[in-house]
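Letter by letter, the chains look like this.
There are 2 protein chains.
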Amino acid sequence: MESADESARRLAEYETLLEFGVQLASTLDLGRVLALALQKAEELCQAESSSIWELDDESGELFFRVVRGRAAPGIQSLRVPLGRGIVGDVARTGRAEVVDDAAADPRWGGDPDASFTTRGVLTVPLIARGRVVGVLQMLNSVDGAGFDADDLRRMELFAGPLAAAVANARLYAEQKRLFLEMVTTLAEAIERRDPYTGGHVRRVVTYAVLLGQELGLGAEQLEELRLAAILHDVGKIAVPDQILRKPARLEAEETRVMERHTVDGAEMVARIRSMRPLLAGIRSHHERPDGKGYPDGLTDPDLPTVPRIIAVADTFDAMTTDRPYRRALAPAAAAAEIARGAGTQFCPRAAAAFGRLFARGAFTLEEGERLLVSLSASIPRE
Amino acid sequence: MESADESARRLAEYETLLEFGVQLASTLDLGRVLALALQKAEELCQAESSSIWELDDESGELFFRVVRGRAAPGIQSLRVPLGRGIVGDVARTGRAEVVDDAAADPRWGGDPDASFTTRGVLTVPLIARGRVVGVLQMLNSVDGAGFDADDLRRMELFAGPLAAAVANARLYAEQKRLFLEMVTTLAEAIERRDPYTGGHVRRVVTYAVLLGQELGLGAEQLEELRLAAILHDVGKIAVPDQILRKPARLEAEETRVMERHTVDGAEMVARIRSMRPLLAGIRSHHERPDGKGYPDGLTDPDLPTVPRIIAVADTFDAMTTDRPYRRALAPAAAAAEIARGAGTQFCPRAAAAFGRLFARGAFTLEEGERLLVSLSASIPRE
Chain A
1 MESADESARR
11 LAEYETLLEF
21 GVQLASTLDL
31 GRVLALALQK
41 AEELCQAESS
51 SIWELDDESG
61 ELFFRVVRGR
71 AAPGIQSLRV
81 PLGRGIVGDV
91 ARTGRAEVVD
101 DAAADPRWGG
111 DPDASFTTRG
121 VLTVPLIARG
131 RVVGVLQMLN
141 SVDGAGFDAD
151 DLRRMELFAG
161 PLAAAVANAR
171 LYAEQKRLFL
181 EMVTTLAEAI
191 ERRDPYTGGH
201 VRRVVTYAVL
211 LGQELGLGAE
221 QLEELRLAAI
231 LHDVGKIAVP
241 DQILRKPARL
251 EAEETRVMER
261 HTVDGAEMVA
271 RIRSMRPLLA
281 GIRSHHERPD
291 GKGYPDGLTD
301 PDLPTVPRII
311 AVADTFDAMT
321 TDRPYRRALA
331 PAAAAAEIAR
341 GAGTQFCPRA
351 AAAFGRLFAR
361 GAFTLEEGER
371 LLVSLSASIP
381 RE
Chain B
1 MESADESARR
11 LAEYETLLEF
21 GVQLASTLDL
31 GRVLALALQK
41 AEELCQAESS
51 SIWELDDESG
61 ELFFRVVRGR
71 AAPGIQSLRV
81 PLGRGIVGDV
91 ARTGRAEVVD
101 DAAADPRWGG
111 DPDASFTTRG
121 VLTVPLIARG
131 RVVGVLQMLN
141 SVDGAGFDAD
151 DLRRMELFAG
161 PLAAAVANAR
171 LYAEQKRLFL
181 EMVTTLAEAI
191 ERRDPYTGGH
201 VRRVVTYAVL
211 LGQELGLGAE
221 QLEELRLAAI
231 LHDVGKIAVP
241 DQILRKPARL
251 EAEETRVMER
261 HTVDGAEMVA
271 RIRSMRPLLA
281 GIRSHHERPD
291 GKGYPDGLTD
301 PDLPTVPRII
311 AVADTFDAMT
321 TDRPYRRALA
331 PAAAAAEIAR
341 GAGTQFCPRA
351 AAAFGRLFAR
361 GAFTLEEGER
371 LLVSLSASIP
381 RE
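Respectively, the protein sequence lines represent chains A and B.
Residue numbers for the first sequence follow the numbering used here, so the first one is 1 and each next one is one higher.
Residue numbers for the second sequence follow the numbering used here, so the first one is 1 and each next one is one higher.
Everything labelled a hint here was simulated from the structure, so no lab data went into it.
Misleading hints may appear alongside valid ones.
Where chains are identical, the list cannot tell them apart; a pair therefore holds if satisfied intra-copy or between any two copies.
Stated by the list, open to error - Simulated crosslink set (EDC-like; lysine to aspartate or glutamate; CA at most 20 angstroms straight-line):
1) K292 / E54
2) K246 / E54
3) K40 / D302
4) K40 / E54
5) K176 / E43
6) K292 / D57
7) K40 / E15
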């Protein structure tokens, strides 16, 4: 029989774990799940450093999701094949273990960085729905006494809700990624009917998020901007070939039909309730602060941020690619046009953000794609 | 200080709850979460009947998600406004409570069904991310002694992981629903270029899932079928207006261009890795078991199930709607055509499934839409 002290300690521990399980399960934001988890795990085991590895099902490699504590800088970019080293072994067998002296373990590959010496290692597999999704690892107990069976038991209990949260967050992120990819694919197919605009959708999205970030948009607004930029021209599906593909200037009536793509695109998307926040970005991306835009002739105070941004991204891309009736402008010439249009054709704040990015060489597709990747990796919610 | 017995009992209880939290968190399938939860809750509290109510944010009403036990038949379709009755009051205040004698509580509206008399009621709010998402309610303790403070405490602990799981499953289901709606909207916009096929996409989807269910497809395959049916004609985006809108029979070369929509559609979607299982459904929906179809002239043994089904759904809809060069056939005449084509134009099993559904009057858009709603409500995952 356990002593009363022991029981009381364990009850308190279980209560902490229960509470933590609820916290973990309360979010599908993987970043938040993991940060919470490591902080709590270090507290529970008194470890010097801790990490969560995720198993990449495609490559069969483990990679660091998060690393905390002193060992972090040296190891962040490590990738370890399943079965290799202690961490790979635990991921393969699905069995937790404590190693007291890493240097004496034949599986240990050595510390990659001389500034941190690993002594004790506690490694627990993260298993969700019967499959290993990753590994939780604690390095060096703070008091130097090493990890014991109690630490192991604690971390095994801890791994349950953590693994479930990791698996759920991954599934959710995959579903979101699939959504963006599918919508992009269909929007690009719609775009390809217009023979002069290959790749326009993707470039406008990329430029738009760069501008959005420079303007300090939050995660949710950036996501909205991204989706509105993907969809900004879908209304062109309703423009007949003879107008869309006309290799010359449009007549007045043809222009009227062409300009309807803003209204048609917004109407298409309006049928989906949760997409309503995107409507302004689609309908108003050809408006101008001076009121000379279309379809509504809005003026500066009535223009939301998202269409202001898309207008700059859209125009910059149109100017810097060849069109049937004119050659592409050099980027610097296009940048000068945007500066000239600030306050009349373009929102002054969006034009200024563009100017800053352009001046420091950061308004490039490469920069934008890096940003898009990082946005997809940490899809936030709430 | 608690007695040793008490401590041991509580430790065991916490262990059960911890384990249950992991089970709950391991799925985004709401149906499974809820079934698991009620079973466990009745065990823990020894209740005669139990239910989980969900709060519909739009209407501000609580409705039953699941009901278990004897009270179920009478109350399944109840909807209760926030603030009304015991359940509505707990959802509004966010405070759990035990009512020993429901009949004596002024908020109690009475049992809707004479076959079950409610005595004791234990009601706990489900709170996730600071918001009430629903209510867990237990009716009548089995031993007749009523619910006590221990039951209340237990259910409050229990409500944490349950609320988190409900909120996550809802978020995930919403994301999936959004995906389907968005893809449908874009596919319909692409379809609308063809002036003769209004509503075709939605009808083919509806017919296809009816056939899929009749053929005994599992949940995952039904989902695949549904998505492939939505996308089956997206390749038509690459067909020029003059062919797509030609109000007469197509010339040989025009037919060749038109038939390319199968290949083009599959190529578009092929760029998204997780959509690869859909490719056959899109590329091969104009193949025939006798090898006279396109684009690949596949014969019966090489034809997967999904395109076989889409072929029947697609042809039935084409036959029963007006086209420029002929009037719509009556459903019975179209059904006879499909029966005649079994084994040559159509897969014999798909044609037979169609025949069975049609004969019992179940091959209707109304039946199909009911099925689609139920598929969306219980989106399974593994």
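Practice task
Please work out whether the CA atoms of K246 and E54 approach to 20 angstroms or closer within one copy, between two copies, in both situations, or in neither?
Solution key: neither (52 angstroms within a copy, 55 angstroms between copies)
Problem - Intra/inter-copy verdict for K40 and E15 if alpha-carbon distance must be at most 20 angstroms - result: Answer is both; intra-copy 13 angstroms and inter-copy 19 angstroms each pass.
Practice task
Can you give me the call for K40 and E54, within, between, both or neither, at a CA distance of at most 20 angstroms?
Solution key: Only inside one copy: K40 and E54 sit 18 angstroms apart there, 32 angstroms across copies, limit 20 angstroms.
Practice task
Evaluate K40 and D302 at a C-alpha cut-off of 20 angstroms and name the case that applies: within, between, both or neither.
Solution key: Result: close neither inside a copy nor across copies, 47 angstroms intra and 55 angstroms inter.
Exercise for the section: Please work out whether the CA atoms of K292 and E54 approach to 20 angstroms or closer within one copy, between two copies, in both situations, or in neither? Expected result: Neither. Shortest intra-copy (53 angstroms) and inter-copy (49 angstroms) distances fail the 20 angstroms Cα cut-off.
Problem - Homomeric proximity label, K176 with E43: Cα distance no greater than 20 angstroms - result: Neither, since 33 angstroms and 37 angstroms both go past 20 angstroms.
Problem - Intra- versus inter-subunit Cα pairing at 20 angstroms for K292 with D57 - result: neither (53 angstroms within a copy, 41 angstroms between copies)
When each numbered hint is compared with the structure, violations occur for hints 1, 2, 3, 5, 6.
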